[in-house]
Amino acid sequence: MQYRKKPVVIEAHQWFKNGDHPLDHDPIGYANPTSTDLDRYWDYKQTEGKVVRYYRRPDVSGDSLCEQCGEPHHGHGWIDTLEQGHRVCPGDFIITGVKGEMYPCKPDIFEATYEPIGPEMPDVPDVEG
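The sequence shown begins at 0 in numbering that gives the first Met the number 0 and counts up one residue at a time.
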């Protein structure tokens, strides 16, 4: 017997480095920080995320290369999932599932499985420079 996946709307954000997920460091509200809040926002952005944490394994050197993407492990993240947890490679999408759970998805699988349905969420302005 064959089955078709039910159409479900999901929230997803592509992750490249610590702090990329909008819920990682959001003490003031991701959508509309005011200029007086931006200094505080960027202070929080430099700390470990609430959704994607730093990838730490005592048995894996940060300089060693990931067998999935070939990038050094010190540039990876870790996300707790319903199945314990997963490493997050730069470029992976972080998907929020139908029960609020979050998990990583490789870009090629994401592109083959999902398509955009509306406008993107606006980015927080880049105040570094």
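Because the hints were derived from the structure by calculation, they are not lab data. Here the structure is a predicted model, which means the values were calculated and not measured. Be aware that one or more of the hints could be misleading.
[Unchecked claim] Below are the EDC-like pairs computed for lysine to aspartate or glutamate, each with C-alpha atoms no more than 20 Å apart in a straight line: (1) 16 to 70; (2) 105 to 66; (3) 4 to 114; (4) 16 to 47; (5) 105 to 82.
[As the list claims (entries may be wrong)] Here are the computed distance ranges between Cβ atoms for each label pair: (6) 4 to 81: 16 to 22 Å; (7) 83 to 117: 29 to 35 Å; (8) 117 to 96: 14 to 20 Å; (9) 56 to 117: 14 to 20 Å; (10) 22 to 60: 40 to 46 Å.
We put the beta carbon where it would ideally sit given N, CA and C, even for glycine.
Which of the stated hints cannot be reconciled with the structure, identified by number in ascending sequence?
9 and 10
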